[in-house]
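Chemist: Based on these hints, arrange chain B on the given structure of chain A.
Chains as they are written, first to last, in numbering that gives the first Met the number 0: chain A, 0 to 226; chain B, 0 to 264.
Fair warning: there could be bad hints in the mix.
[Unchecked claim] If you want the footprint, here are the derived chain A segments under chain B, 3+ residues with CB under 8 Å: (1) 33–46; (2) 129–137; (3) 140–153.
Simulated from the structure, these hints should not be mistaken for lab results.
Glycine included, every Cβ here is placed at the ideal spot set by N, Cα and C.
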Amino acid sequence: MNEMNSLIQIKGLRDGLLVSLDDAPWEEQRVALLAQVDDQISFFQGARLALDVASQVLRVNDLVELRDQLSERGIFLWAVVSESPTTEKTAQLLGLATRISKPRPEEGRQFSVEDLGEETALFLHRTIRSGTRIEFSGHVVVLGDVNPGAEIIAEGNVIIWGRLRGMVHAGVKGNRNAVICALDLSPTQLRIAEEVSEVLSARENPKPEVARINKDGNLQAEAWSTG
Amino acid sequence: MPAKVITIASGKGGVGKTTAVANLAVGLAMDGAKVVCIDGDIGLRNLDVILGLENRIVYDIVDVIEGRCRLKQAMIRDKKLPELYMIPAAQTRDKNAVSASDMTRLVKDLRSEFDFVLIDSPAGIERGFKNAIAAADRVIVITNPEVSAVRDADRVIGILEAEEKGPGALIINRLNASLVKNHDMLSADDVLDLLAVELIGIVPEDEGVIVSSNRGAPVAFDPKNRAGQAFRNIAKRLRGENVPFLDLDHTGGLWERFQRLTGRK
Chain A
0 MNEMNSLIQI KGLRDGLLVS LDDAPWEEQR VALLAQVDDQ ISFFQGARLA
50 LDVASQVLRV NDLVELRDQL SERGIFLWAV VSESPTTEKT AQLLGLATRI
100 SKPRPEEGRQ FSVEDLGEET ALFLHRTIRS GTRIEFSGHV VVLGDVNPGA
150 EIIAEGNVII WGRLRGMVHA GVKGNRNAVI CALDLSPTQL RIAEEVSEVL
200 SARENPKPEV ARINKDGNLQ AEAWSTG
Chain B
0 MPAKVITIAS GKGGVGKTTA VANLAVGLAM DGAKVVCIDG DIGLRNLDVI
50 LGLENRIVYD IVDVIEGRCR LKQAMIRDKK LPELYMIPAA QTRDKNAVSA
100 SDMTRLVKDL RSEFDFVLID SPAGIERGFK NAIAAADRVI VITNPEVSAV
150 RDADRVIGIL EAEEKGPGAL IINRLNASLV KNHDMLSADD VLDLLAVELI
200 GIVPEDEGVI VSSNRGAPVA FDPKNRAGQA FRNIAKRLRG ENVPFLDLDH
250 TGGLWERFQR LTGRK
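For reference, chain B alone in the conformation it holds in the complex:
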């Protein structure tokens, strides 16, 4: 079966696109899928660091596009998961080094060999973003429960609709249940209310994400971490499995849980 090509985009920077790509890739590969992730952020390379593969880079995506190496040579295999590969961005070039048709051609060559191709979009809605979505079958928009991030996500969803990239799916990242409870943060419902798209996952705020990113071992490897669990669940949903959403509000008492179960909070 040819690969599903999924791009992760957000509009706003710093909401967790790269972290999501790394963790979803790990989650999918742990379940036995053959995955390649592509860093689409030419000039601001990050994905390699999060995956802990930066010192293995010899060739990058621009080398492939400009014919200095074969595609296989630029694909870096993960240390732990033999079915997970990454194609790094170029650090010394800019977005103009790649065009939408370059991306489409590159992805076409990968489709037959993988189950999933994940593309990490740069922030913004300009050329780099357009390149990253050009080849996608599906675009997942990631946002934080913050007004500015949600507005940018709304803009991105609008562009996806205009470019007929199908209905987007949404990941809400870094949700802090206790802040939501005190009405100091937008709730998942507030965000969905505004964006009106399918929700594919909610990832709780967790220090472990930062720690593991710095170590180059995505949090999805950690069986106990709740953010890791959330990403692994999203990966399963991408494969078409029906996984229930995590109960993020573990601070709530029994009565509140009961109320939620019976329908209304």
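Just chain A, same shape as in the assembly:
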């Protein structure tokens, strides 16, 4: 590595790379970054890149130039983090993110509750659609459908007042007494503690059912009875 590259730090993030620059002249840093990219093009290609530019003051032209140069090399610049308000404004103008810790909304949610009691439940009144992952440390109650491609992960029980066609994992921390109930139990897959269900086919005339681990240690669904 030559001396210039020491200006640049590269870290892996959960969803891409973070490149941190310091306050050395912008032109120098830009050249150094591109040199490093060209040096290890196979490593960088296709990457999502976030850029921390410290207190550099950057104008639209600076960022557009860099974005295009990165883009030509197959790198997608999605965020620019800066202490300078001017640079932040520039980044926003170009539609770039200015904070990298921001969770992206569609990517499921992890709910956490302080001081969780036995009886804490998360109540969701909506359709849980494909690509949504709900994780909760208590019980989960859904008033609505759970569609194929959606996942619900709970430490407690899961009750679906609607059609369950996605994946549900109840008792995820090993609670074998957890149950999964649904008005129409036609899931892609069910899991309770470590047990994974056999495939449950869609029912002709769906009835409310409850799935639990039976005496033999198998995950089974049975019709809901009020007895």
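Modeler: Chain B in isolation, oriented as in the chain A frame:
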């Protein structure tokens, strides 16, 4: 009145986004609306072909965004409908050449001059899709009655909800009534049951769509074609008219029709 900006998206590729944009644009323009459609699929340009305008392209959307031409220069006027314009995508660049704010700015300039701005989203849920929905007032999700297409549509609707793009509307494209009847295809009810959004149109499967796309004259121009009729009806619904849905099952006997009319099939 400023334009309504409508994006057509699907998640899955090949379900008919571009065909829908072209036909809705034609339908709206035939009814006298001033329409511009934008090809948002940078790098995989298609809309120009379906509209039969590919050999008139001089400038494209990236040229506008990067300041190489004025917006007016990139707008191509349709051969038959003087109130219909198209802004082509760039074929030699990729999605990164455009940002969400670029799109928003571009659309802002179009709003005052048109009644409708239709945006053709690329497949997928990544950057190109995000750009295409950034400026939309309303997003129409299009799907086929197939399990994989419906699941992707579900994902797209979920993202629209998360981004607060309002309730989506749904077009079910390429429905084959005889397959549905034999339980070999999902019915419109099956699809709606899962997606739980407003249905704005059902387009029957029709060979004429492919033929006319290849000729560069959208099927909505054909007064006799049923798919064309379905698209023209959707266009009218977009203008706020109340148009009844087509009876797609013309293979059914009189008794079945009667049963459907009285409520249950």
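Chemist: Between the stretch 33–46 of chain A and chain B, are there enough contacts, at least three residues with CB-CB distance under 8 Å, for the coverage claim to hold?
Modeler: violated (count 0)
Chemist: For the stretch 129–137 of chain A, count the residues whose Cβ lies under 8 Å from any Cβ of chain B; is that count three or more?
Modeler: holds (count 3)
Chemist: Quick one: see if chain B covers the stretch 140–153 of chain A, three-plus residues with Cβ-Cβ under 8 Å.
Modeler: holds (count 4)
Figure legend: structure checked against the earlier numbered hints; the only hint not met is number 1.
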